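Just need the whole structure built from these sequences, with the hints factored in.
The chain contents come next:
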Amino acid sequence: MHAEHLVFAELCARAPDLQVTVLTIIDQDWQAMTGDDWLNSSKTHATFLDHVERQMQEENEEDWQRIKETYPAAAGAVFTGVVGPIEETIAAQAKKRACDLIVIGPYRQSRRLFNLKMEKGLRARIDTAKLHPALPCPLLIAPPLLSAD
Amino acid sequence: MAQAQDNKPLFIISGILIVYALIASSGMLHPLMKYLHTAKTSDLQVTMGFICGGIGILGAIINSVRKPGNTIIDRFVLQPLPGILLILLMAMAIRWYVEPIVKLISHNLQPVLGFKIYKVLNLNYVVLGLLAGVLLTNTYGIPKFAAAGVKCARFVLKMGVIMLGARYSFAELAKLGTYSIFLVGTFVLGTVFFVLWLGNLFKQPKTMTGVLSAGMGVCGVSATVAVAPVVKAKSEEMAYTIGTILSFGIICMFVFPTIGHWAGMNPVQFGAWAGTGILNSAQVAAAALAFNAVDIKTLKVAEIFNITRVLFLPIIVLVLATWFGKETGKKLTFKEVVIDKFPIFIIGFLLLFAMSSMGLFSPPTHYKGKFIDFSYNDRSQITDKEWETLNDALKSNEIKGLSEEQMAAVTDLIAQRQIAGNYENRADKKVFNKQGEDRMFQLESVLAAAKAKEITLGKDVKGVIKHAIKQVHKKSKTVTTLTDCMIWFFAFGLIGLGMQITKKAILQAGGWPLAIGVISGVTKAVLSFFVVLWLVKDVVLK
Numbered sequence: 000m001h002a003e004h005l006v007f008a009e010l011c012a013r014a015p016d017l018q019v020t021v022l023t024i025i026d027q028d029w030q031a032m033t034g035d036d037w038l039n040s041s042k043t044h045a046t047f048l049d050h051v052e053r054q055m056q057e058e059n060e061e062d063w064q065r066i067k068e069t070y071p072a073a074a075g076a077v078f079t080g081v082v083g084p085i086e087e088t089i090a091a092q093a094k095k096r097a098c099d100l101i102v103i104g105p106y107r108q109s110r111r112l113f114n115l116k117m118e119k120g121l122r123a124r125i126d127t128a129k130l131h132p133a134l135p136c137p138l139l140i141a142p143p144l145l146s147a148d
Numbered sequence: 000m001a002q003a004q005d006n007k008p009l010f011i012i013s014g015i016l017i018v019y020a021l022i023a024s025s026g027m028l029h030p031l032m033k034y035l036h037t038a039k040t041s042d043l044q045v046t047m048g049f050i051c052g053g054i055g056i057l058g059a060i061i062n063s064v065r066k067p068g069n070t071i072i073d074r075f076v077l078q079p080l081p082g083i084l085l086i087l088l089m090a091m092a093i094r095w096y097v098e099p100i101v102k103l104i105s106h107n108l109q110p111v112l113g114f115k116i117y118k119v120l121n122l123n124y125v126v127l128g129l130l131a132g133v134l135l136t137n138t139y140g141i142p143k144f145a146a147a148g149v150k151c152a153r154f155v156l157k158m159g160v161i162m163l164g165a166r167y168s169f170a171e172l173a174k175l176g177t178y179s180i181f182l183v184g185t186f187v188l189g190t191v192f193f194v195l196w197l198g199n200l201f202k203q204p205k206t207m208t209g210v211l212s213a214g215m216g217v218c219g220v221s222a223t224v225a226v227a228p229v230v231k232a233k234s235e236e237m238a239y240t241i242g243t244i245l246s247f248g249i250i251c252m253f254v255f256p257t258i259g260h261w262a263g264m265n266p267v268q269f270g271a272w273a274g275t276g277i278l279n280s281a282q283v284a285a286a287a288l289a290f291n292a293v294d295i296k297t298l299k300v301a302e303i304f305n306i307t308r309v310l311f312l313p314i315i316v317l318v319l320a321t322w323f324g325k326e327t328g329k330k331l332t333f334k335e336v337v338i339d340k341f342p343i344f345i346i347g348f349l350l351l352f353a354m355s356s357m358g359l360f361s362p363p364t365h366y367k368g369k370f371i372d373f374s375y376n377d378r379s380q381i382t383d384k385e386w387e388t389l390n391d392a393l394k395s396n397e398i399k400g401l402s403e404e405q406m407a408a409v410t411d412l413i414a415q416r417q418i419a420g421n422y423e424n425r426a427d428k429k430v431f432n433k434q435g436e437d438r439m440f441q442l443e444s445v446l447a448a449a450k451a452k453e454i455t456l457g458k459d460v461k462g463v464i465k466h467a468i469k470q471v472h473k474k475s476k477t478v479t480t481l482t483d484c485m486i487w488f489f490a491f492g493l494i495g496l497g498m499q500i501t502k503k504a505i506l507q508a509g510g511w512p513l514a515i516g517v518i519s520g521v522t523k524a525v526l527s528f529f530v531v532l533w534l535v536k537d538v539v540l541k
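As they're listed, the protein sequences go chains L and H. Quick note: the first sequence uses numbering that gives the first Met the number 0, first residue 0, plus one each step. Quick note: the second sequence uses numbering that gives the first Met the number 0, first residue 0, plus one each step.
These aren't lab readings, by the way, just hints derived from the structure by calculation. Quick caveat: nothing in here was measured; it's all calculated off a predicted structure. Beta carbons: idealized from backbone N, C-alpha and C, even for Gly. Careful: at least some of the hints might be erroneous.
Here are the computed distance ranges between Cβ atoms for each label pair [as the list claims (entries may be wrong)]:
#1 H:G14 <-> L:S109: 37 to 47 angstroms
#2 L:A91 <-> H:L134: 22 to 32 angstroms
#3 L:G83 <-> H:T70: 25 to 35 angstroms
#4 L:R110 <-> H:G189: 29 to 39 angstroms
#5 L:Q18 <-> H:L317: 46 to 56 angstroms
#6 L:L144 <-> H:W261: 52 to 62 angstroms
#7 H:I61 <-> L:G83: 27 to 37 angstroms
#8 H:A146 <-> L:K95: 24 to 34 angstroms
#9 L:A45 <-> H:Y422: 49 to 59 angstroms
#10 L:G83 <-> H:L134: 21 to 31 angstroms
#11 H:G176 <-> L:G83: 38 to 48 angstroms
#12 L:S109 <-> H:N390: 43 to 53 angstroms
#13 H:G324 <-> L:V81: 25 to 35 angstroms
Far from chain H, by Cβ distances over 10 angstroms, these chain L residues were calculated [what the hints assert, rightly or not]:
#14 V81
#15 A93
#16 L100
#17 L139
#18 P143
Next up, the structure:
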């Protein structure tokens, strides 16, 4: 939310020709979530992982739709979803797309344990120690939006 | 050469196993083994070291000289071999070194703490193995070379359950089956509907309560995995549910055996309670072996409950699919819901049970007490608790009026924890068995004297001696081998499964799923505890 605001409301306003790719990563750790299950067959496992991927894709599309509706500048952006480890995927996609800049949101403290309201997706955070050495271009961390909290 | 480099871990692990077997066979480790009370298994340690190390070296050479392919042997033997041997090495180290050291440390800390840590936390080799797996995966991570082998844990656990099938009689299965159908039926369906009701009460989405009800009611993560696609659960609902079930299950794994011991539950009662109250089926097996890893009575009971639960899974999927189908109008086929979810390994379990019942593994004479087995193995031993009872009784002079030979037999039972010949005579079977027979005769005469009221023995002490005699009654060689393999399969499987319990998955717990999960999980555990104590009586198990 913070990164999308910075990109579409501020950077795109300053440089309307900016080519933006919105990358949503489906964390590959979903595969580890079934780790403790030994009773199901591999078919049931595969069905579960297919469901997770489909579900995440649907949720991503809803999110992308929200971005497009909120920021008119997002109409020309490319939206893509990739399954993989977070840090490696960011670096690999930036390299593949020859990006000049990567923009991510600020660190968010998880309040899962004490908050009854559910957060979206997996409780996963970017490991900066893993990401920084793999970066092919500069990284910009968006400041937190005061209205978001 | 590059392929040989890729197989370096396999060469190293196999080398460690062979070097260990060589050192152990030289007798250099004997004083240490004696100190750790593992000397009786020295032959097994050497054999396992040579066999596993030899297979490893052979696999590493094959992997080095030929290009890896996609054949069945590649996928199921050669690729997972490094991981399989790593887990085996861990299992051996934990069983013969870590567990005895933990026991010694606990014993030495007792004067300071006032209790034995290993007893309170039930830190036997099964629990320690699972913890070692969890620790490895959440610190260093699973080494890349071991990834394929770790995935075999599921298959190995299923093999353990299949082999367990050979250990039931018709009478046991009928009695335990009746208990399990009643208890599991009541608590599975009860919990599923309770969670659905709680979800409705707290106005939670049906997709979330659907997936949570199956996880809390049936068999934890397995049920969640099976039900999530059926009820179309959202990503966060699956993540929160799995996190809640995993964390709740791990706590139960430690708490249940301690409460079971504290409440004085017998193996049947504890197996029934664990099989009903603990969410994840792997944790049920771990808790049963944590309660008693010396013999497999508790495991036998718990697994029947586990199997009954698993058989309920397709029914619950059907119920939830119908319930969810009504909401969305989407109909699921019988094949999608029941046939695809049916756990095929249960057919293997029933097959082994049928073969065993037909006398394929054990002729009827084996159960008439005619054959006696004095060989060293965990199965022939008395339990730790029994050992303490007997040791305390001897120290406090409670055992009086015994002849010199009878007293010697009792003293030897304490020293060896089982009826057997002298350790140094184990190579000479004739002498060894004769000494064992004499000791058994003396112990039987102690019981006869107590029955005739010639001497006074406490009920507990009589129970220990009776159990020691029962333990050495020989079982069929095939059944014995299957049981030994099965114990190792469970130890192996639980280490491998521990390696797949990640901190990340546990940390997903929270929100309404945690609140509803705790309410329903605690209710199920408490109610099933009292129902089991009230309803389940001891069943005579082989």
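How the hints compare with the structure:
1. H:G14 <-> L:S109: 37 to 47 angstroms: Holds, at about 44 angstroms.
2. L:A91 <-> H:L134: 22 to 32 angstroms: Between A91 (chain L) and L134 (chain H), where Cβ atoms are some 31 angstroms apart, the hint holds.
3. L:G83 <-> H:T70: 25 to 35 angstroms: Given about 29 angstroms between the Cβ atoms, the range holds.
4. L:R110 <-> H:G189: 29 to 39 angstroms: holds, 32 angstroms
5. L:Q18 <-> H:L317: 46 to 56 angstroms: Taking Cβ atoms as reference, Q18 (chain L) and L317 (chain H) lie about 51 angstroms apart, which means the hint holds.
6. L:L144 <-> H:W261: 52 to 62 angstroms: holds, 53 angstroms
7. H:I61 <-> L:G83: 27 to 37 angstroms: holds, 33 angstroms
8. H:A146 <-> L:K95: 24 to 34 angstroms: holds, 26 angstroms
9. L:A45 <-> H:Y422: 49 to 59 angstroms: Holds: the Cβ-Cβ distance is about 52 angstroms, inside 49 to 59 angstroms.
10. L:G83 <-> H:L134: 21 to 31 angstroms: holds, 26 angstroms
11. H:G176 <-> L:G83: 38 to 48 angstroms: Check passed, 47 angstroms falls within 38 to 48 angstroms.
12. L:S109 <-> H:N390: 43 to 53 angstroms: The hinted range 43 to 53 angstroms holds for S109 (chain L) and N390 (chain H), with Cβ atoms some 51 angstroms apart.
13. H:G324 <-> L:V81: 25 to 35 angstroms: holds, 33 angstroms
14. V81: Consistent with the label, V81 (chain L) stays out of reach of chain H, its closest Cβ about 16 angstroms off (over 10 angstroms).
15. A93: holds, 24 angstroms
16. L100: Given that every Cβ of chain H is farther than 10 angstroms from that of L100 (chain L), nearest at about 29 angstroms, it holds.
17. L139: holds, 27 angstroms
18. P143: P143 (chain L) clear of chain H: closest Cβ-Cβ about 22 angstroms, beyond 10 angstroms.
Every hint, counting from the list given before, is met by this structure.
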